[in-house]
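Peer 1: Generate coordinates for the entire structure from the input sequences, incorporating the hints supplied.
Those protein sequences? They're chains A, B and C, same order as listed.
Each residue of the first sequence is one higher than the one before, starting from 3 at the first, in this note's numbering.
Each residue of the second sequence is one higher than the one before, starting from 4 at the first, in this note's numbering.
Each residue of the third sequence is one higher than the one before, starting from 7 at the first, in this note's numbering.
Hints were generated in silico from the structure; no laboratory data involved.
The reader is advised that the hints may include incorrect statements.
[Stated by the list, open to error] Beyond 12 angstroms from chain A on every Cβ pair, some chain B residues (computed):
#1 L34
#2 D38
#3 D87
#4 H95
#5 E96
#6 A145
#7 R257
[To be verified] If you only want the chain C side, here are some residues facing chain A, beta carbon under 7 angstroms, derived:
#8 L281
#9 F300
#10 I302
Keep in mind that this is a model prediction, so the values were computed, not measured.
Where is the CB? At the ideal position from N, CA and C, for every residue including glycine.
Each chain is listed here by its residues.
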Amino acid sequence: MSVATWVNDTLVRDPTERRIFATLAIITALLVVGVFAGVIGPRFLLFQVALVGMYALLSLGLNVQWGYAGLINFSVAAFWGLGAYSAALLTAPNSPLGMGLHPIFGFLAAIVVSALVAILIGIPTLRLREDYLAIASLGLAEVIRLIILNERQWTAGSSGISGIPSLLEWLPLTSAATTASIVVVLLALTYLFLRRIHRSPWGRVLRTIRSDEDLAKALGKDTYRFKMQAFVVGSVVMAIAGAFYAHLNLYIDPSDLVPLTTFYIWIAVILGGTGSNRGAVVGAAVVIAIREGSRFLNDIAFIGNLGLDVAPLRLLFVGILIILIMRYRQDGLLPPKDELIWPSAQKESSAASRGAAASDGGVVTDGTTSGGPSDGGENQ
Amino acid sequence: MSNDGVYEGAHLDKDDPVLKTRGLEKAFGGLVATDDVSIEIERGTITGMIGPNGAGKSTLFNLISGFYEADAGSVFVNQTDVSDMTPPERAHEGLVRTFQTPRRLEGMSVREAMLVGPGPQTGESIFPLFFSADDVTREERANLEQAEELLERFEISHLIDQPSTDLSGGQLKLVELARAFTTNPDILLLDEPVAGVNPTLANDIKRFIRELNEEGQTFLIIEHDMPFIMDLADPIIVLDQGRVLMEGSPKEVRTDDRVIEAYLGGAGP
Amino acid sequence: MIPLQISPFQYIVNGVVFSSIIVLAAIGLSLVYSIADFANFAHGDLMTVGAFSGLFSVAIFRPMLGDVGLFGLPLWFFLALAFGMVAAAVIAVVTDRIIYQPMEDSGSIGLLITSIGVALVYRASIFLSFGSDSERYGVARQGPIPWIRESFGVAITPRNFVVVILATVLVTGLHLTLTRTTLGRKMRATADNADLARVSGIRTDEVIIAMWLIGGALAAAGGVFLGLEELVRPRMGFDILLIVFAAVILGGIGSVYGAMLGGLVIGMVHELVPLFNQWGIIPVGSRYAAAVAFVIMVAILLVKPSGIVGESG
Chain A
3 MSVATWVNDT LVRDPTERRI FATLAIITAL LVVGVFAGVI GPRFLLFQVA LVGMYALLSL
63 GLNVQWGYAG LINFSVAAFW GLGAYSAALL TAPNSPLGMG LHPIFGFLAA IVVSALVAIL
123 IGIPTLRLRE DYLAIASLGL AEVIRLIILN ERQWTAGSSG ISGIPSLLEW LPLTSAATTA
183 SIVVVLLALT YLFLRRIHRS PWGRVLRTIR SDEDLAKALG KDTYRFKMQA FVVGSVVMAI
243 AGAFYAHLNL YIDPSDLVPL TTFYIWIAVI LGGTGSNRGA VVGAAVVIAI REGSRFLNDI
303 AFIGNLGLDV APLRLLFVGI LIILIMRYRQ DGLLPPKDEL IWPSAQKESS AASRGAAASD
363 GGVVTDGTTS GGPSDGGENQ
Chain B
4 MSNDGVYEGA HLDKDDPVLK TRGLEKAFGG LVATDDVSIE IERGTITGMI GPNGAGKSTL
64 FNLISGFYEA DAGSVFVNQT DVSDMTPPER AHEGLVRTFQ TPRRLEGMSV REAMLVGPGP
124 QTGESIFPLF FSADDVTREE RANLEQAEEL LERFEISHLI DQPSTDLSGG QLKLVELARA
184 FTTNPDILLL DEPVAGVNPT LANDIKRFIR ELNEEGQTFL IIEHDMPFIM DLADPIIVLD
244 QGRVLMEGSP KEVRTDDRVI EAYLGGAGP
Chain C
7 MIPLQISPFQ YIVNGVVFSS IIVLAAIGLS LVYSIADFAN FAHGDLMTVG AFSGLFSVAI
67 FRPMLGDVGL FGLPLWFFLA LAFGMVAAAV IAVVTDRIIY QPMEDSGSIG LLITSIGVAL
127 VYRASIFLSF GSDSERYGVA RQGPIPWIRE SFGVAITPRN FVVVILATVL VTGLHLTLTR
187 TTLGRKMRAT ADNADLARVS GIRTDEVIIA MWLIGGALAA AGGVFLGLEE LVRPRMGFDI
247 LLIVFAAVIL GGIGSVYGAM LGGLVIGMVH ELVPLFNQWG IIPVGSRYAA AVAFVIMVAI
307 LLVKPSGIVG ESG
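Peer 2: Next comes the structure, spelled out in structure tokens:
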């Protein structure tokens with residue numbers, strides 16, 4: 003399949019999506035031009051790329067939980083922190099554990115620890131109504147923060163951990179370029195993994211649970227198991243993002259675990275399009291643009307003169323954004339379009355209807371054909 | 004147990020009950036919703052379940068399918084005691100139900116909605132998606148084919164690409180019915196299959212149920228539409244105030260004084 | 007730091023005071039949970055709004071009234087309390103009208119997520135209006151009441167008494183409203199079974215408004231008392247929200263009286279943590295008091311998710 007067809011099938015299926023991706027392409031082009039013109043430092047841009055990548059990972063993780071399965075997790079920042087601390091404690095030579103292990107062990111520990119914590123919080127809550135997980139996860143976030151803050155002998159407490167090693171220093175790139183490349187690779191792998199498990203019978207059961215859990219049960223699905231799996235997968239992805247951040251920032255302390263990060267990720271997922279992997283990535287980019295953009299507010303003389311503190315303004319903005327999205331744009335920018343059917347089981351005939359499907363965006367084709375899917379093109 | 008008000012015939016053992024309950028009881032905060040219900044559903048029948056509003060029909064369905072936990076009593080499917088099983092486990096034993104007011108599966112086409120039925124599927128676990136992808140493909144193809152056949156049988160092939168959210172109430176009931184068959188149930192519990200369905204579609208549904216029954220499918224159906232259920236089902240179980248009032252042929256039910264009294268004296272029509 | 011010899015009764019006294027605050031907060035959260043059917047994550051910040059509204063009014067009332075006292079506290083404090091309660095009640099109703107009401111169709115989960123946004127807006131507004139520092143109402147420091155200290159060996163300040171007594175008065179008032187008035191009975195019916203109440207035509211605007219007024223006012227009272235006992239901080243409500251949720255879950259979601267009981271238990275446990283630690287019952291000290299509340303909540307979810315006064319199953 004040529005790149006052009008792939009792009010057409012995967013990215014731009016209707017005019018709205020085309021506009022959104024065109025906008026993103028223009029912004030990217032402007033940034034690149036900015037770098038060449040010397041307005042934007044390449045280091046700065048690469049750091050932003052790494053940041054977007056990390057937020058995209060977090061959003062993908064939350065999308066598995068909230069988007070696929072309808073699980074409300076308010077401890078995104080905590081799982082991220084578990085990952086970051088797992089990596090920092092095992093790899094930094096001057097951490098309280100002082101082991102200085104290879105980063106691969108940090109990533110492994112991040113995965114194991116986050117999976118365990120996810121299971122522990124899932125056991126009491128996932129058999130109950132959705133909002134119990136919401137409440138319990140809020141508590142979990144607080145408990146994890148308390149432990150990291152108070153158990154100085156293990157976590158160094160509020161003084162934080164420094165001296166975390168960079169990743170893949172032998173690569174012939176600047177450190178900024180290395181981290182940016184690593185996050186792009188991590189993101190691509192995660193994306194492919196999630197795409198595979200989503201467009202499958204597994205993903206389909208989750209989507210059923212999200213709409214009507216009783217129905218899924220009546221059809222013989224052990225919904226607890228499915229929800230637990232989604233919760234663990236999502237949490238592990240968040241922890242991986244955290245481990246990556248430890249190696250990006252080379253320093254970590256408990257103040258990084260603020261709940262606000264959790265809400266940024268929520269905005270990214272809902273704004274991007276709940277349930278859509280592409281949406282989660284785009285949402286993450288938009289949120290970073292907003293967050294980083296607001297940093298420059300103080301530089302503008304007019305606003306600087308008002309003497310307003312930017313932090314609460316940002317809080318206000320995030321709050322208003324959540325309310326507005328929930329009220330007016332719950333579908334998000336790129337709502338999910340895929341039928342959750344195992345791609346290689348799709349009929350060959352669907353390839354033929356691809357041309358038509360790309361232009362009519364989900365309008366039902368005539369019903370006499372043997373069920374040629376109108377939007378089956380993307381499933382090849 | 005004294006005889007008054009309890010139909011003893013319901014306790015008689017039938018040859019090959021696919022579903023049997025013994026002394027099921029359930030109370031909500033002191034209000035008894037199900038009181039010592041023992042019924043047996045014989046294989047190959049269409050059993051109707053009627054009773055005035057508040058007679059406890061839905062509660063009984065929820066107890067049988069495991070959505071409510073019984074205060075006392077037991078449920079057997081194919082002679083297996085399923086009383087301690089969860090709803091999905093009971094479904095695996097061959098007991099599948101539909102809901103009175105099915106929710107529309109948001110973001111799912113009819114094709115996807117159909118594919119949720121069969122189970123357990125290899126592709127419903129994560130590892131096989133990577134390590135036995137071919138099995139997943141083979142199964143998914145078979146399930147797709149089965150879904151298409153069933154939709155054709157229920158004369159709704161044209162809906163296959165439709166989003167579930169766009170279906171009419173009647174179409175949704177038909178899709179539910181079709182999907183229930185992808186699970187190969189031993190007994191199918193239908194909760195008001197024609198509530199809110201237009202007469203033409205209701206007739207279609209009746210015809211399909213009858214056809215499937217002739218092929219050996221067992222049904223237990225709650226329905227308020229009297230002409231519909233009297234025409235379709237035999238025997239009919241009448242519930243009143245959480246108890247089995249009587250069980251008999253439609254003719255017996257129609258002429259039974261206790262039934263008439265229950266409907267006239269009770270809250271509902 | 008904790009002196010070596012503290013009477014166990016001292017912890018119980020602290021527990022009663024803290025419980026009073028949690029009970030007030032838990033009632034509102036429980037009312038909204040059962041009547042409007044969503045977990046309101048903005049409830050903690052509503053407490054903060056009440057506390058800061060009270061603080062704002064101190065600047066007006068204090069110069070007007072000077073040092074006239076009542077029950078050992080300046081009169082202006084009581085007016086500030088009332089002002090905070092009215093302000094939070096009004097803000098709660100207004101929030102409902104402009105934000106929650108129009109999105110009733112989004113269901114309880116949509117409202118839950120929206121309430122996070124509302125919480126952030128409340129908190130940001132407080133940061134913007136009052137800054138990020140901790141404040142005090144400016145009630146003069148009082149020592150413990152001497153004769154109690156001498157007779158029982160526990161330190162109880164007049165403000166402790168005022169908090170507990172006023173909380174008791176408010177809770178009793180609520181109880182009378184719920185049991186003796188038509189509106190209260192309607193509220194209880196809606197809380198017990200929202201569907202049934204809706205079918206019987208009870209779910210009127212009246213019930214919803216009353217729910218927000220009562221919930222907001224009681225939350226504010228809890229916030230003002232918390233500010234009086236500790237500090238008035240922009241994060242005070244959010245920090246306490248988990249404990250309030252624990253109380254509501256412990257009591258059984260949907261039961262106002264359960265929430266009161268849950269609030270008593272959780273508030274007491276929260277303050278008894280150092281004592282339990284001393285006695286070797288639990289391995290953690292007061293720094294983990296919130297974590298202990300959380301563990302209790304999780305244990306309840308495991309054993310009896312319907313709460314201690316809820317129905318089984």
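Peer 1: All hints, please: hold or fail.
Peer 2: Results for each hint:
1. Its beta-carbon lying about 22 angstroms from the closest one in chain A, L34/B satisfies the requirement of being farther than 12 angstroms from that chain.
2. No beta-carbon of chain A comes within 12 angstroms of the beta-carbon of D38/B; the shortest separation is about 25 angstroms.
3. In this structure D87/B is separated from chain A by more than 12 angstroms, as the shortest Cβ-Cβ distance comes to about 15 angstroms.
4. Remark: the non-interface label on H95/B conflicts with the geometry, its nearest Cβ contact in chain A lying 5 angstroms away (cut-off 12 angstroms).
5. Not every Cβ of chain A is farther than 12 angstroms from the Cβ of E96/B; the closest lies at roughly 9 angstroms, contradicting the non-interface assignment.
6. Interface exclusion of A145/B from chain A breaks down, the closest Cβ pair being 9 angstroms apart, not more than 12 angstroms.
7. At roughly 32 angstroms, the least C-beta separation between R257/B and chain A is larger than 12 angstroms, which holds for a residue marked as non-interface.
8. Because the smallest distance between the Cβ of L281/C and any Cβ of chain A comes to about 19 angstroms, over 7 angstroms, the interface hint for this residue is violated.
9. A least Cβ separation of about 4 angstroms between F300/C and chain A falls short of the 7 angstroms threshold, and the interface hint therefore holds.
10. Hint on I302/C is violated. Least Cβ distance to chain A is approximately 10 angstroms, over the 7 angstroms limit.
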